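Given the coordinates of chain A, work out where chain B should sit on it, guided by the hints.
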Amino acid sequence: MIEARALTKRYGDTLAVDKLSFTVQPGVVTGFLGPNGAGKSTTMRMVLGLDAPTSGDVTVNGKPYAAHRHPLHEVGALLEARALHGGRSAYNHLVWVAQTNAIKRARVDEVLDLVGLSEVAKKRSGGFSLGMGQRLGIATALLGDPKVLLLDEPVNGLDPEGILWVRNLLKHFASVGKTIFVSSHLMSEMSLMADRLIVIGRGKLIADASTEELIRRAGASRVRVRTPDADLLLAALSARGIEAERTDDGGLSVGGTTTEQVGEIAAASRVVLHELSLQQASLEAAFMELTEEAVEYRADARPGWEHHR
Amino acid sequence: MTDPQRFRDALLAEWTKIRSVRSTYWTIVVAIALGIGLAAAITAGYGSSYNELDIHDRLIFDPTALSLAGLFFAQLALGVFAIVTMTAEYSSGTIRTTFAAVPQRGLVLAAKAVATGGIALVVGIGTAFGAFGVGQLILNHYGLSSSIGSPGVLRAIFGGGLYIAGLVLLALGLATIVRHTAGAITGLVAIVFIIPFVTQLLPSSLQHNVTRYLPANAGGAITATVKTQEMLGPWTGYLVFLGWTALFLGIGWFLLRTRDV
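Chains as they are written, first to last, in the numbering used here: chain A, 431 to 739; chain B, 6 to 266.
Hints in this document: simulated from the structure, not taken from any laboratory. All values reported here derive from a predicted model rather than from experimental measurement. The beta carbon of each residue, even a glycine, is placed where N, CA and C say it ideally should be. One thing to keep in mind: the hints can contain errors.
[Stated by the list, open to error] Which residues of chain B face chain A? A few of them, derived with a C-beta cut under 7 Å, are:
1. LEU17
2. SER97
3. VAL266
Isolated chain A, as found in the complex:
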């Protein structure tokens, strides 16, 4: 469980994170969504005690991160995939991380196996692809068998197979009761991975709800109908208080209903249907709408301040 209370981070004149309060629950995958520069990475660094909040506080499993004696057993984190010394082998990288928290050597082989890097474990990580770097980063996060996983853009640079692997891995860990907090700037990716979404823009909380609800709230899906008896169906729909409009190609676009309901109304009115389909609003469009203000801000923001050191 991660609990942030009025978490705030200011860099000079820039409010990177602005009174952010949220709770990340165990047992589900919680997505942390926002455009680049929204303050996701800064927030994650504050969770890990790497950056000190200007005000507010955040706890992990009931305590500030640094108060845990063996923090890697509490939280496993992936911040940047390429945070590796290029001259050091994957194996030795994991060994030193394990030693800091008195983690047994056998666990290193275990996580290497889990992420599929056993074959290249003794090679210098400087030669790794971005995808292999991500896998090593995930292996590092898993070392302490932590109750909480905190991953910043974990699917960046992964091929489709790798993305699927991460998605299933996180769902599995959530199903066994771990707390999963994973950031992304891609709504489509989050919709497949996360059960809950915390959406931020300009460092402020925009939404904190289930993924389903957010998609519904933002996207308002519509039903598309093609029929030779458009007038008849329009009349039947409006008689039941359902809003519908003609589209340019001669079809109908029906709002606030389901395909089932439209089909039943058509049957009752003896209207022939040539097409009946659900038009899912584009997730990216929904996301853009949610974070519109933040995106406008991004256009005139100084670039790169999210990675401020």
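Same frame as chain A, now just chain B:
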């Protein structure tokens, strides 16, 4: 800071980091080569031109210190080694992994100090013995050598190792403050070579009171067996030197605790 188990774990991890990168090995090889190689070159040079030295220079002729002079260049290689143990973490980003794993940042700095200082002490003493042996072998040709049993000689040799270890800790402190490899190396070169050189341009009265308290000059006094006016005594000098080291490490420690990474 008060948890010995956590310190032991942090030290083990630092040891693994150090032994698992190549730069460690070649900085140590370069240090040993410079320390012993320059001992040969410097003693040969002085030995062959001893007869041309004036009486003052002959009076302060110190065969032990001369054979250990190469350590002043070896210190640079080991200083770079210590700097990189800190700055490579910042340039690669592993510093975040390190501090997430060990949030007690002072513990990390202490572990790095013990690991790099320990290695520098061993390499420094070994190099000092090698340099002394080679240097005296060459000076013996000119009938100028000293022996290991002579007054102050053992202290000077072990002092060479102590000096290198202290210098490495100073470099680590500097690296912790600066956080960039090139910047920290430039700083180290300035402290060890440039600033002592520049102070020689000061008026002599001022020079006397400034130069000998500078880190390299104060610390280097421990490798001398013939005391000159310009130098502090060996242990006084070393204490002053340790003061500098503590100052750099202390500032580094303070900044490390308060800065975001």
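When the nearest CB of chain A is found for SER97(B), is that gap smaller than 7 Å?
holds (5 Å)
Proposed interface contact between VAL266(B) and chain A, which counts if any beta carbon pair is under 7 Å:
For VAL266(B), the interface hint holds, since the closest Cβ of chain A sits about 5 Å away, which is under 7 Å.
Just to be careful: measuring from the Cβ of LEU17(B) to every Cβ in chain A, is the smallest value less than 7 Å?
holds (4 Å)
In summary, the structure agrees with every hint in the numbered list given earlier.
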